[in-house]
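Listed in order, the protein sequences are those of chains A and B. If you read the first sequence in the numbering used here, its first letter stands for residue 1, the second for the next number, and so on. If you read the second sequence in the numbering used here, its first letter stands for residue 1, the second for the next number, and so on.
Any given hint could be a false lead.
Taking lysine-lysine pairs in the DSBU-like style, the calculated list, with each CA pair at most 35 angstroms apart, reads [to be verified]:
#, chain 1, residue 1, chain 2, residue 2
1, B, K148, A, K356
2, B, K148, A, K354
3, B, K148, A, K303
4, A, K354, B, K147
5, A, K389, B, K147
6, B, K148, A, K415
7, B, K147, A, K415
8, B, K148, A, K389
9, B, K148, A, K379
10, A, K303, B, K204
11, B, K297, A, K32
12, A, K354, B, K204
13, B, K147, A, K303
Keep in mind the hints are simulated off the structure, nothing from the lab. Computed from a predicted model, the values in this text were never measured in an experiment.
If you want the building blocks of each chain, they are given just below.
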Amino acid sequence: MAEHNYDYDVLVLGSGPGGYVAAIRAAQLGLKTAIVERENLGGVCLNWGCIPKKSLLHNAEVLETLLEAEDFGFTFENLQVDFGSAIKRSLGVVSRQTKGVAFLMRKNKIDVLEGQGVFQDPHTIEVTPAEINPDAPARTVSAANIIIATGGRARPLPGVEFDGERVLQYRHAMRLAEKPESLIVIGAGAIGMELGYFYSTYGTKLTVVELLDRVLPNEDPEVSSEVAKAFKAKGINLLTGVRTEAVEVSDSGVTVTVRNMQDDSTSSVEAAKVLVAINIVPNTENLGLEAAGVQTDERGYVKVDAVMRTNVPHIYSIGDCTGKMPLAHVASAMGITAAETIADVETLPIPDEKYKFMPRCTYCKPEVASMGMTEAQAKEAGYEVNVGKFPFLPNGKAQALGVKSGFVKIVADAKYGEILGAHMVGPDVTELLPELSLAQFMEITPAEIARTVHAHPTLSEVIMEAAHAVEGHPIHM
Amino acid sequence: MPKLGESVIEGQVARWLKAPGDQVEKLEPLLEISTDKIDTEVPAPASGVLLQILVAEGETVDAGVTLAFIGQPGEELAQPVPTTAAAPTAPPTGAPAASFPADPAPTIAQRPTGRAFISPVVSRMAAEHSVDLAQVPGTGLNGRITKKDMVAFLENGAAPPVLSAQRTSIASSPSAGWALNEDETLHPLTSMRRAIAQHMVQSKAVSPHVTTLFEVDMTATVRHREAHKEAFATRGLHLTYTAYFVMATAAALAAHPRVNSRFREDGIVQSRRVHLGIAVALNDGLIVPVLRDADEKNLQGVARALNDLTNQARSGTLMADATRGGTFTMTNHGTSGSLLGTPIINQPQAGILGIGAIVKRPVVRSAAASLLPSADDAIVIRPMCYLSFTFDHRVLDGAEADRFVAHIKEQLETWI
Ligand SMILES: Cc1cc2nc3c(=O)[nH]c(=O)nc-3n(C[C@H](O)[C@H](O)[C@H](O)COP(=O)(O)OP(=O)(O)OC[C@H]3O[C@@H](n4cnc5c(N)ncnc54)[C@H](O)[C@@H]3O)c2cc1C
Chain A
1 MAEHNYDYDV
11 LVLGSGPGGY
21 VAAIRAAQLG
31 LKTAIVEREN
41 LGGVCLNWGC
51 IPKKSLLHNA
61 EVLETLLEAE
71 DFGFTFENLQ
81 VDFGSAIKRS
91 LGVVSRQTKG
101 VAFLMRKNKI
111 DVLEGQGVFQ
121 DPHTIEVTPA
131 EINPDAPART
141 VSAANIIIAT
151 GGRARPLPGV
161 EFDGERVLQY
171 RHAMRLAEKP
181 ESLIVIGAGA
191 IGMELGYFYS
201 TYGTKLTVVE
211 LLDRVLPNED
221 PEVSSEVAKA
231 FKAKGINLLT
241 GVRTEAVEVS
251 DSGVTVTVRN
261 MQDDSTSSVE
271 AAKVLVAINI
281 VPNTENLGLE
291 AAGVQTDERG
301 YVKVDAVMRT
311 NVPHIYSIGD
321 CTGKMPLAHV
331 ASAMGITAAE
341 TIADVETLPI
351 PDEKYKFMPR
361 CTYCKPEVAS
371 MGMTEAQAKE
381 AGYEVNVGKF
391 PFLPNGKAQA
401 LGVKSGFVKI
411 VADAKYGEIL
421 GAHMVGPDVT
431 ELLPELSLAQ
441 FMEITPAEIA
451 RTVHAHPTLS
461 EVIMEAAHAV
471 EGHPIHM
Chain B
1 MPKLGESVIE
11 GQVARWLKAP
21 GDQVEKLEPL
31 LEISTDKIDT
41 EVPAPASGVL
51 LQILVAEGET
61 VDAGVTLAFI
71 GQPGEELAQP
81 VPTTAAAPTA
91 PPTGAPAASF
101 PADPAPTIAQ
111 RPTGRAFISP
121 VVSRMAAEHS
131 VDLAQVPGTG
141 LNGRITKKDM
151 VAFLENGAAP
161 PVLSAQRTSI
171 ASSPSAGWAL
181 NEDETLHPLT
191 SMRRAIAQHM
201 VQSKAVSPHV
211 TTLFEVDMTA
221 TVRHREAHKE
231 AFATRGLHLT
241 YTAYFVMATA
251 AALAAHPRVN
261 SRFREDGIVQ
271 SRRVHLGIAV
281 ALNDGLIVPV
291 LRDADEKNLQ
301 GVARALNDLT
311 NQARSGTLMA
321 DATRGGTFTM
331 TNHGTSGSLL
341 GTPIINQPQA
351 GILGIGAIVK
361 RPVVRSAAAS
371 LLPSADDAIV
381 IRPMCYLSFT
391 FDHRVLDGAE
401 ADRFVAHIKE
411 QLETWI
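Work out the full structure, taking the sequences as your base and the hints as a guide.
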């Protein structure tokens, strides 16, 4: 407005994959943009989450290949495994990635304001020095539009504090100096399963504790049981359908007491350390949201509409702090929608029903990738469905890799062929998912996928076969 | 497509007078076509049932192209024939009708219909429900029709409510795909042009527009401005007539809050605050900055805000949110000489006020109460101005709309 004179068109709070992507999109659209960050650029994803984790998991895969080398005719003695190198390599990857974000900020002329940001009023943020740079000047900046992208942090078990020594959260687990002799992971979601797989491969004796009746409880039940089979084969102790009753810390380790939800019996497991991986809490307290008039729900998540607007029209929110779906690529997609809405250019709103079609990946071995509804969910939503499922076992490439398990399952609407869901477990399935995501987005049906010629021999042929199976006639079955 | 003259090589299907399935008699009017030379009705060449229409309304095709098939009741066409409507309808064939044989090849199939991509899911739905996809508003990227749009269309026969940040397709007329001829050049749309086009098409599609017209004797206002404009100039302010129109309109909006509102499926949303959008012409296009709380400002405040907004709009330095949140819009098209206009509503508002040029005109003034000729009648010369108020008939009815404009008129005619 005429009488207003703000420092910036857009101010982004938090530089995770939500915030930094929103800032770049806003700057591309000609808006004067700044980003406030109290830690390293890149947020949880680049510093503590997706990126270091993927690096560690690759180490585990290499190690697993070495351990199975005899199957391929290689024998060697005296294999030396240095755990510290795995962590060190992951930190190198992190450092290159965060430098990349800094470069993108400079390239797009985005001001990076180091410090903790707090709302003073709906258009003003006070930035006070934080550990990233204690000598940075305190300052007050104003903006016509503000995007809250402050992310979240690990949720503790009630009454059990993270001490970094015995009771760990992901930040600790990502940077241990030595591999623990034994580890209990509480929570069999993606993070728990991935870090568990990493440590187990490096030789840690692992127990996974899950309240619901199966691992990866958000996935298709057949996918869960395929992963459970593989974990058990690695000697991992899986306790599902049990509630954690107590965590006791002693000098020598931890004891976790669990109650079996079926027969109500209790038992306990001991280990050197316990990793709590049960979801997140949003970073929305101490943010001055009251001063801005921004509403949160009872759990503290910022409420937003399909174009990421909060109840205050010029304030937006994206990513983990909205509680929509705590994944990096979702945060980025939300950021792009928010920036485009602010710039008033064409955008693609994300109404609530679209989140279930966002890709969901778990990078343990076997990998898991899915999007959309399971067969049961689709039926519950009132669809008549056709399901096509095809295993990796007969696939030539999978056999060459020595893979014997896993499958691709496609759930489609029987009437119009719309793809309602895809569920995959097996080799590199996280890299195979985008074909189905694109098909779902463009409303392509399994008929077109089946007719699209897929190169031979590749793993992607299994998607083609599953699509044929939806149509009722897989070729190699 | 009949060849209607030596130099007529193509024609446009203006209107089909029969629908597929209708019985037609030989020589009964079947469709209307228009060419650059002549508009005419085309009679049916044979009796029977209209089996399939191949060329949709609004499409232009070469002379000789098959337009439709007429056959026997229940007759199935043996081979699929592409239609210009994007929907693959049931595959019929049969005896060509309304065709004056020349080249039976349906060249129309290669013509783009202005829509880039129809997904397999959408085309299956369209086929099942025999939907003409040209009628379905798309809300996907680049106006693509999604399954959700189809579901909404089939449920209400209308577009789903459009989010402000979502855009409707501007390619809503079949002309969008017409090929260029050698005398034409294509100027790609600027993003502003595209935005204006989208807003205008969407507005006309969403609200039923009605326009009411008043004339105002501006003598009192002109007198006031003449008396004060120098004093304003010494304060660095340019006192325009627009400022007076803003003042009068804002006061009338505050007094008639029903006009300061917008339509929603569940009710009429009235705003307690008056944020007046003012259309500002730019080199290529138009922008509508918003004067917030216009009813709370005095003439000087309005003049200052107007000066700022128009300067910023023309220099491209408007704040990102300066065009947001308007509750009503005014357009002073009189500044470019126009006497009267019928502007299009700026969605989602309920109305828009158009202001014509102020010109001296002879008008009749009379002390007599009667409309009959009287010795008291006199012709005088007065600065006159037309006000046109276009409103959303879903929100307002004529009488209410007229009371609103009358209130503006009264203020302008009695300004002191
Ligand atoms: C171990 C682990 C593995 C994961 N793996 C994956 C994966 O493989 N794939 C995937 O998609 N997702 C993964 N995630 C989730 C992913 O990391 C998050 O969804 C993503 O980082 C969310 O992005 P964001 O921008 O919303 O917030 P964040 O990445 O949390 O960033 C928020 C930023 O805001 C800063 N901040 C907060 N408050 C303030 C303030 N007041 N002032 C200044 N700065 C502030 C924080 O310091 C932080 O840098 C993983 C998460 C974890 C923990």
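Structure versus earlier hints, numbers of those that do not hold, lowest first: Nothing - there is no hint that the structure violates, so all of them hold.
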